[in-house]
Amino acid sequence: METGIETAAGVAKQYIVVEIGNEQYGIDIGYVDNIVRMQEITRVPKSQIYFKGIINLRGEIVPIMSIRTRMGLEDDVFTNSTRIIILKLEQQGKFGIIVDEVREVVTLNADKVERTNMSVKEGRESFINGIGKNGEDLISLLDLNSIIEEDDNV
Amino acid sequence: MDVSQYLEIFIDETGEHIQSLSDCIMTLESEPENKDTINEIFRSAHSLKGMAGTMGFKRMQHLTHDMENVFQEVRSDKVKVTSEMIDILFQCLDAIEGYLENIKSTSDEGTEDNEALIAALNQFLAQAEGAAPAPAPAPEKKEEAGEKKADGEDKKKFLTIQLSDSDKDALKNAEESGGKLYGITVYVSEECLLKAARAFLVFKAVEEKGQIVVYYPALQEIEDEQFGTDFTIFVTSDEELNKILEAIKGVSEIVDAVGEEVKAEALAGGAGEEEGEAAPDVPAVAETKKETPAPKDNAKPAAKAKTAGKPVASRTVRVDIEKLDALMNQVSELIIAKNSLVSISSQEESDFQNQTFREQIEYLERITTTLHESVMKVRMVPIESVVSKFPRMIRDLSRQLNKKMELHMTGEDTELDRTVVDQIGDPLQHLLRNSADHGLESAELRAERGKPEVGSINLNAYQEGNNVIIEVSDDGNGIDTESVKKKAIERGLVTPEQAEKLNQKDIINFLFMPSFSMAKKITDISGRGVGLDVVKSNIEALGGDVEVDSKLGEGSKFTVRLPLTLAIIQALMVEVRDEKYAIALGSIETIEDLPTSEIRFVESREVINLRGKVIPIVRLDKVLDSVPAEVEPESLTIVIVRKGDRLAGLVVDDLIGQQEIVIKSLGKYINNNNKTISGATILGDGEVALIVDVNTLF
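Protein sequences appear in the order of chains A and B.
Heads up, the first sequence is in this note's numbering, so the first residue is 1 and it goes up one at a time.
Heads up, the second sequence is in this note's numbering, so the first residue is 155 and it goes up one at a time.
Since the hints were made in silico from the structure, they are not lab data.
Quick caveat: nothing in here was measured; it's all calculated off a predicted structure.
Any given hint could be a false lead.
One-sided and incomplete, this derived list gives chain A residues near chain B with beta-carbon spacing under 7 Å [claimed, not checked]:
hint, residue
1, Pro45
2, Asn56
3, Gln92
Heads up, the beta-carbon is just placed ideally off N, CA and C, and yes, glycines get one too.
Start from the sequences, fold in the hints, and give me the full structure.
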């Protein structure tokens, strides 16, 4: 689960900072394939509730997840700054998550990252594996594996 | 030693040799005296031995070596072919296949020594030795190799080779740039089967010490194994010649390597006269060979004879299936782009209304369609590769079941997409076993019914439109629908009253239900109830279907229908609410417009009565969880689809039209629970439409 942040102190990693709900989340830039504007999503019947559907990304079919629905937040409100972040995991290929806004790219040294052990709290799953300190701001670092893992207990 | 890059070739060729051995041994069983067949078997076993040896698979080499020995005796008429021997030989083949399977999955042959088989083989040899002392071919050959080592100067072929201008220049340049220039001629063992592999290893060893400047014959020819038992290289190096020669001799199956320091000038001088000739390679080889003394001359015809034994090099190339997949993907992209152009040009307000533009679009359409067909053809392989193992299987079954039977096959050259062929083997095997075990009656019953003593099983394959049909039939007992019905009632699948109303087809369909086995006794061959339902699901996974025809007492016929291709299909685009869906054209029967008042209810299911046929209705909007319709329209558009011989009517909102679509997978993330959606496709305008798998709606 805690992959990617167990690097030696001083090793820096880049994160894309996005806004979901009122919080800031960081996504390891190594997993980011692309960032695209919001576009029409084709609904796939009978799929998991948090999968909005699929899009055509330059001839490739990519499933799109509503990270808000996945985290149990209220539904997405699509605005001009809404973006789809296309992520690529080694084994399973690409998928996209919808975020409210893309803020910036930050570089965090490993010593600025605090590993979290937040387990399942209040019946809600945890999708982060660390918290990064960028000056005054706190950035929750998304754990992509836990996002795509099927929750067996729910 | 790195031979891994030859592993795939080894696996492919071993497979081919096993198949040819299997075919030959079958022939041998019916014609034990057939000399050609015996020779063919000997050659195949010999090649297998050599290949296994080269790759370092010792156990496999041992087994094939003993097989070869037995055939050596058969060939020289010292042993007679007996049915006992045939059985052992088949077991040997199975063992070799076992090794091959291990190699495929782990790159290692495993640890099974098959001592029992080797002992059995040696027993045949012992019989032969009783008749006459066994010849010892192996030591003889070694002596020959020893003799060759003895002669000195004449083996330095690099002194006499005719070099081309460019080679001479290369040598001169290399000499000028410093280091010593050596000419080296390497001799490969006559028995070596992967000569190119050996040459490759030699090059690798040499390149650790220096640089190879000129290859003779050319590198390409060496890689294609177009050389006799020797080849020559010119090397620049700072190392001592001896060290290089030692490194070369360290490679196995290299008989000898001779070399000395040379001057580019001296070599070039000798070649002066021949310069003008464009392709001197082949005659040059012959010439140098003539100059070598007697033992070498003997060796040459031997090597020639061996190559003659191999099938003539066909005009084919082996291509990795992944490369073909990539090619197919690119063709798919092209078709999507073409569809997009078509959709732009057909828009009424578009600027592209002029005649030439539309003509060019049509031209493009024709090209992409032909291109698609061509790529598909490249991916097609004859089903022969799968069905060729069946005669052997039936022979074994015949023994096991103690029933006489024969397999007749037609249409082995029928072609199917590679991915389909790879997966059709198991289902067909199930069907054949089924026919052999359940279908054919015992000998007594056949005699009683006045049928020929030998039961026949037929496997016919042929192409029909966009489908390939494979029929497996037998002249056996046929399916006893009464007892199937009884069993279905017993298992609580239907009530006795319902059962009365079922027609023959419905009853036969019970056979395809999971764990529904009719076998009274569970045998090794079939009857574990994992047969027909697996056959059915495997075939359906390939986009095909299976049907049964049967007459009690006369036999039954299983008809397997498979699509020619999996990636690109013709589809009807329909609209449900605002969403677009594709339905494979192949499964569509007709399209009807009916007033809503025509809908009737049978057992609270909606049906329509269409020209005397009662057809159940499926509301696509409900299946697909679409927004419910506000008002029921006055008339319904119903697409009648067929699965096997059942029909169903799909209610859609609107028809868009027919289109060639490229099937794309939804990927691994989306969990499409009931499999109604089999994939997605990208339309001309970039929009995504989902493909409805009609088979799941029945």
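Evaluation of the provided hints:
Against a cut-off of 7 Å between C-beta atoms, the interface hint on A:Pro45 holds, since the closest Cβ of chain B lies about 4 Å away. Taken as an interface hint, A:Asn56 checks out: its beta carbon lies about 5 Å from the nearest beta carbon of chain B, inside 7 Å. A distance limit of 7 Å between C-beta atoms decides the matter here; for A:Gln92 the minimum to chain B is near 5 Å, and the interface restraint holds.
Violation of the numbered hints given earlier is absent; every hint is satisfied by the structure.
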